[in-house]
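The primary structure of each chain is shown beneath.
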Amino acid sequence: MSASPTLVARTGSFFHRYANPGRFLKLGARLQPWLTWPAIAFTLAGLGWGLFYSPADWQQGDSVRIMYVHVPAAMLASGGYAGLALCGLLSLVWRHPLADLAAVEIGPVGACITALCLATGSIWGKPMWGTWWVWDARLTSVLVLFFLYLGHIALIRAFDDPQRGYRAAAILALAGAVDLPIIKFSVQWWNTLHQPDSITLTGAPTMSASMLWPLALSTIGFSLGFAAIVVARTRAAVMESRIRALLSSPRRGGGAA
Amino acid sequence: MTHLPYIVASYGLATVMALVLSIGAALRLRRARARLAALEQTHNRNAGTPFTP
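Protein chains in written order, with the working numbering: chain W, 1109 to 1365; chain G, 7 to 59.
With the rest of the complex left out, here is chain W (with noise of 0.2 Å):
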């Protein structure tokens, strides 16, 4: 029990050498190209193999290549809002202004692509199950994950002091990762008409290695990609707040007062 507040000091200055925003700039410098180049050659890989060269399902037709989009944006809606969380937790435990920026920034492209998710889910429902939309646990536990991002980028920009719409945006990142549990579990403890999961931790996957590898590279593609957005555009808003600085610092007689 004693040990916990060193290990939080301790873990407190890991985050702040690492972290810290003009160290950000040239780690994300250095780092943007090594995710955008290998990025783009994973999605265009994957999409392209799953999309042009592996087989139809014997059940669902080609229609089973909108996997290859739906699949990877399903696991970042998810991953995304984990990463939101643990920015939450930065923020409300360490008060880390780099947490804040980085959840600003990864709000908006997890929920785009959340909403892809939900999109070509919907899709690839019309055909297969004959309707666009059920209110079935995953596709409900999906579209909530959808209105957390929506109700985090809201609250993030309510306040006139951006230091109470972050905290406030942080306890709902804390809050919502319930449903990360639930939309995981959802196949299992309800019976949905959603499919179970075809690739588990513990079990070797469902599929065929012909569908596996185009799916596997697609989703290391998107996820450097979403990698790659996010760091540019948290790259983007250190740059702004430096501006901003500037803009108001005494010297150049901006907002001295």
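A hint or two may mislead.
[As the list claims (entries may be wrong)] Pair by pair, the computed Cβ-Cβ distance ranges are:
hint, chain 1, residue 1, chain 2, residue 2, range
1, G, Arg39, W, Val1286, 36 to 42 Å
2, W, Arg1272, G, Thr21, 34 to 40 Å
3, W, Asp1305, G, Arg36, 38 to 44 Å
4, G, Glu46, W, Gln1271, 24 to 30 Å
5, W, Arg1265, G, Leu10, 22 to 28 Å
[To be verified] If you want a taste of the chain G side facing chain W, the calculated C-beta under 8 Å gives, among others:
hint, residue
6, Met7
7, His9
8, Tyr12
9, Ile13
10, Ser16
11, Tyr17
12, Leu19
13, Met23
14, Ala24
15, Leu27
16, Arg39
17, Leu42
18, Leu45
19, His49
20, Asn50
21, Arg51
In short, the hints are calculated from the structure, not lab data. Glycine included, every Cβ here is placed at the ideal spot set by N, Cα and C.
Chain G: place on chain W using the hints.
Just chain G now, with coordinates in the frame of chain W:
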């Protein structure tokens, strides 16, 4: 290929979203970098010392 319109719609949506997000981020980054460089140059010229936030 069966279900072609659905497949085209899915891949089209993904492409549009990826382009909008990545081009938006790149333009924003470029704008911020140029503005910050210009401001720092002016600031340093006026003050004679580099800006430290």
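Handout entry: Those earlier numbered hints the structure runs against, lowest number first
Key = 5, 20 and 21
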